[in-house]
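Participant: All chains should be built: construct the whole structure from the sequences, respecting the hints.
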Amino acid sequence: MKIVVCIKQVPERDARLRIASDGKSVDTAGVATEINESDQYALEAGLRVAEKVGGEVVALLLGPDAAEEAIRRALAMGAARAIHLNDAGFQGGDASSAAKALAAAVRQESPDLVLTGLQSDDAGWSQTGVILAQLLGWPSATLIMEIEQPEDGRIKVKRELEAGWFQWITLPLPAVLTIQSGIYPVRYATLKGIMGAKKKEMKKMGPADVGVDGGQVGAAGRKVELKRLYVPEKTAEAEILEGDAATAAASLVDRLQKEAKVL
Amino acid sequence: MGAIWAVIQTEKGEPRGVSYETIAGGQKLAAALGKPLEALVLGAGVAGAAEKVAARKVERVRVIEDPKLDPYTPDPYTAALRLAVEAEKPDYVLFPHTYQVRDWVPRLAAALDAGFISDVVDLRADGGEPVFVRQPYQGKLNADCAFTGSGPRLVSFQAGAFLADDAAKGDASAEIVAQPVDLSGVEVRTQVLETFQEVENKVDLSRADVIVAVGRGIGKQENLGVVEELAAALGGQLAASRPVCDNEWLPMDRQIGSSGQTVAPRLYLAIGISGAIQHLVGMKNSGTIVAINKDANAPIFSVADYGIVGDLFEIVPALTAKVKEARGA
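If you read the protein sequences in the order shown, they are chains A and B.
Using this note's numbering, you'd call the opening residue of the first sequence number 1 and step up by one each time.
Using this note's numbering, you'd call the opening residue of the second sequence number 1001 and step up by one each time.
FYI, nobody ran anything at the bench for these hints, they're computed from the structure.
All C-beta atoms in this analysis are idealised placements derived from N, C-alpha and C, irrespective of residue type, glycine included.
Hints are not guaranteed to be accurate.
Stated by the list, open to error - DSBU-like mimics (lysine-lysine), calculated; alpha carbons at most 30 Å apart, straight line:
{"no.": "1", "chain 1": "B", "residue 1": "Lys1220", "chain 2": "A", "residue 2": "Lys192"}
{"no.": "2", "chain 1": "A", "residue 1": "Lys227", "chain 2": "B", "residue 2": "Lys1035"}
{"no.": "3", "chain 1": "A", "residue 1": "Lys52", "chain 2": "A", "residue 2": "Lys198"}
{"no.": "4", "chain 1": "B", "residue 1": "Lys1169", "chain 2": "B", "residue 2": "Lys1220"}
Said to hold, decoys possible - Now the stretches of chain A that chain B is said to cover, found in silico as 3 or more residues with beta-carbon under 8 Å:
{"no.": "5", "region": "78-92"}
{"no.": "6", "region": "132-145"}
{"no.": "7", "region": "217-228"}
{"no.": "8", "region": "245-254"}
Facilitator: Dropping the structure here:
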């Protein structure tokens, strides 16, 4: 079974973000990065399916040179090889143009299953995986919390609904699944994995290599434009209690007793 | 001039509460652009839902009724709305940003080759061109977004972005019209086997008077002791944000937020929780909210009444001591 897992490199959760001088993007200089959280879970899920039924996991990433770090990590975790959609023509897009680039690369691979994270921690559209399925003409299911072994060309998965509800569904392969954080504990890369990753194939590809029209991808293909990125004004400011731990704790207890009257 | 459609999500034949939020957002967009607002209800057995929606201030309610639309699966939903949009050519189609919408509306966007601005928290019109505000980077930043090019424009609103109560009622009930779509040729590839609740919540956090909730900032399971002691000193229940339960540091029935329980205790303490929207929707109606976090810019401070910025491993034990002192324990 061939499984493609789409991953994205994003700033680390705790990273302090600065707006770039264009007012439309984040200044990435010196910002620590990681594989997007739900994509890490997608990778883990893909590796588990491949280990159970046999086959390989191919990591697919769209991003600049700096995203090689995320690819190395995916290879160290166990992906067999990687495709890096890395070209100026892919940059500055939205979910739609990213999905068009990914779809072109997936068509060349013709896998049985494509996994993506539910949504990215940076843009947070929660669209790309589902658009990808439609472009490929494949069925899709989102918010996946469990994957069973494929049987008779169909795969059985558990979807998360809202407010503690879940659903078991089946869908025919090939299919796209978007994975919810928490599906399975994510493995660490072992030292052996990290050493082995250096020898694995990492193919850099541009629009012409995957056979996609440059007008469809990146900034040229986008349908949504980001006009301005800015730090939100805080609507209701909390009263911040200052001082060392003991002083701040004492002020808090005092307010909870006298102002809020909840103690 | 094309209309604005508010697509109504139903559950057991009733409009879901968030659907009124979609109408409220739609009314705001309609006023800003001078376009008519219509509602569209789709499902099977949704005549009652259509009547309820018709009481709100909308030009008309369109109804797509088809047995293939129950239970929900993405293929017939995508096909139904695609056919309706192609026939009627609305300018904007609005949705609530629910889990169900995330499952099929991106498909619809691709099928229509339309732009889709998802998870919107506010909107305004700049010189006739609408601008939609989103909160990328986990809610740390705001982004003003606009559509480029032509074609239908899809928008989903974050829960709570608009208030259901703000969805104005009409003077008279709006007309209800059937929107014919032929789904006979649509293959339903997804098969629903079973819909169920995972665990009976052993802990009903919605009844708790005081909740001490812990987040990713706790670092690891072995560190939970400090917050357990604080919860005990306050006579409160221990709860958590999603990452804590994902890591199995606490069981799922302690989770607060969109995928867990919704609570409104008298006192809520958020410890090491940054305040992603998925968490905030589950606790923002609490009486008094206290946030303890090392990041002064964490979104949790915008819903909190009191905050302490710093290392929770220093602050929480100090707080436990003061609480015990105050309660004479």
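Participant: Which numbered hints does this structure break?
Facilitator: 4 and 5
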